[in-house]
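Chemist: Could you build the full structure based on these sequences and the hints that come with them?
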Amino acid sequence: FSLNFAGANKNASVKALGLNEGKVNYLTGNDPAKWYTNVPTYQEIVYQSLWPGIDLYFKGEAGNLKYELVVKPGARTETIKLAYQGIEGLELEAEGGLLIKTAAGTLKEAKPYLYQEIAGEKVTVEGSFALAGEEKTAYGFAVAAYDSRYPLVIDPLVYSTYLGGSGDDRGSGIAVDGSGCAYVTGYTNSANFPTITGAVYETHNVGADAFVTKLNPGPVTTEPDIIVIPLPVPFGDVLVGSIAGQVVIVWNVGVADLNVGQITNPAAPFSIIADFVSNQTLKPGEGDILAVGFAPPVAGPYNSSFDLPSDDPDENPVKVNLSGNGIAPDITVTPLPVSFGDVLVGSTADQTVTVKNDGDANLNVGQITNPAVPFSIIADNVSNQTLAPGQEATLTVRFAPGAAGPFNSSFDLPSDDPDENPVKVNLSGNGVIAPDFTGNFTMQKSYAGGRAVMAKVLIQNIGNTASGSFKIAFYLSDDTNFAPGADQFLWSRNVLGIGAGKSTTIGFLYKFRNSVSGKYLLCVIDSTNRVVEFNENNNTAAGQIP
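Quick note on numbering: the sequence shown equals residues 2 to 547 in the numbering used here.
Each hint can be trusted.
Below, a list of computed lysine-lysine pairs in the DSBU-like style, where the Cα atoms sit at most 30 Å apart: (1) K60 - K109; (2) K284 - K60; (3) K82 - K112; (4) K112 - K137; (5) K112 - K67; (6) K112 - K123.
Label-pair distances were calculated between CB atoms; the ranges are: (7) Q368 - N280: 45 to 53 Å; (8) A34 - L232: 20 to 28 Å; (9) P485 - Q368: 49 to 57 Å; (10) E287 - Q368: 48 to 56 Å; (11) N10 - E122: 27 to 35 Å; (12) V299 - N39: 35 to 43 Å; (13) V299 - A275: 22 to 30 Å.
Please keep in mind that the hints were generated in silico from the structure rather than gathered at the bench. Just so you know, even glycine gets a beta-carbon here, dropped at the ideal spot from N, CA and C.
Modeler: Rendered as structure tokens:
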């Protein structure tokens with residue numbers, strides 16, 4: 002629940018008053034950037050003109066935070082309205098106190114004390130809490146008539162008590178020390194005025210006795226009281242393989258020495274890495290620290306606890322619960338391995354390799370090594386990059402065989418993945434020679450009278466790769482050299498593909514009008530250049546006509 006200032010000035014000036022000598026440090030969490038150190042402390046702060054003509058002061062007194070309102074001359078007390086949120090309701094006590102009902106229990110504010118200082122004297126003003134609104138979650142103050150020429154102080158009581166006997170008792174002075182204890186002086190005629198053992202006079206003398214009485218604001222106790230901060234101790238996300246530390250502060254806020262025993266050790270991966278608390282005695286108001294470490298070996302949530310024993314009468318031991326989550330990058334490389342298959346000698350083939358971070362922490366990639374030739378990395382968007390969870394990057398690998406046969410190599414892909422560093426990327430490919438056609442003529446007959454020629458041509462694929470279909474063409478030539486446009490075209494036909502190392506025979510019969518004895522038949526293989534050959538200069542066969 003919270004307390005708000007209804008209808009207040011949202012731009013009220015806030016000032017700190019009374020600089021203290023001490024400094025404080027707030028070391029919360031495991032991120033030093035979020036720690037606050039050497040923070041100054043003050044005795045009180047004031048919200049100036051929170052309502053028109055009304056200032057609100059907060060101050061520490063006897064270990065508690067209290068407030069008081071100062072109503073300046075001419076200001077209206079009816080404008081003061083304080084509203085609780087998240088409570089079940091407010092109720093007024095018959096004695097004038099304010100009960101704040103919450104789900105966790107009922108809190109109480111004592112009846113307010115209202116006064117003015119006029120001519121050096123404190124003049125009491127009658128006043129009380131007053132509920133405001135139908136919801137019964139807000140309140141203000143009902144104030145009797147007072148001298149509006151002077152400031153009015155509305156000061157909720159810290160504590161009150163009765164002091165005196167059955168006779169005539171008079172108080173002449175009062176003071177309060179830094180711990181909230183009140184010192185009252187005066188005189189008494191009461192025979193039963195309260196005294197303690199060891200007083201100068203424990204019983205009443207004749208006439209009036211002077212007295213000095215010390216009043217404690219709370220119950221008298223001689224017990225220690227342990228406070229452990231923070232509770233529980235959350236580490237949040239911590240990178241696998243690293244260690245995070247949290248400082249735990251142990252305070253004695255009681256009024257007697259606190260004797261701390263031996264702290265137990267939490268289960269791994271938590272550990273106590275510095276202990277200035279075990280087997281120590283902390284005097285009232287003293288504190289000391291211990292440091293707890295969290296070093297997750299693998300990703301995932303972790304929980305543990307340790308006991309902090311002491312002679313605190315109602316908190317022994319204090320169980321300190323620990324929690325943390327190990328996070329790590331997780332590299333995924335696809336494809337693995339990288340296979341190029343058959344690639345023609347003299348040509349190139351490229352493959353894209355994708356690197357992805359499938360973990361829940363940033364992945365830092367190092368410099369990728371180069372594979373051996375005929376492999377190479379021609380584009381690298383991965384080396385020395387940081388990939389956020391779910392992010393990916395690529396590189397391109399090339400295979401350029403210069404000879405026939407199988408090839409293998411690899412390269413390393415380094416990163417800070419805790420269990421896959423480096424990733425070895427294996428490469429494989431096979432260099433193959435393209436189809437290569439050759440041909441040879443066998444002249445069977447020449448019929449000079451009929452001017453007919455019969456021949457056969459043997460076509461072979463001497464490469465180590467099969468070919469697709471192609472076309473052959475026959476020409477009549479004066480020599481063995483093919484001269485396009487000059488040699489006489491005779492006939493052509495399609496041939497189905499020839500496997501690597503295979504051959505086929507084509508028969509040829511052609512009747513000429515005139516005698517062609519001594520001339521040459523030419524067979525141009527793959528005459529339309531359908532097939533890419535390893536050697537394009539050996540695909541013409543020539544046979545002389547008898």
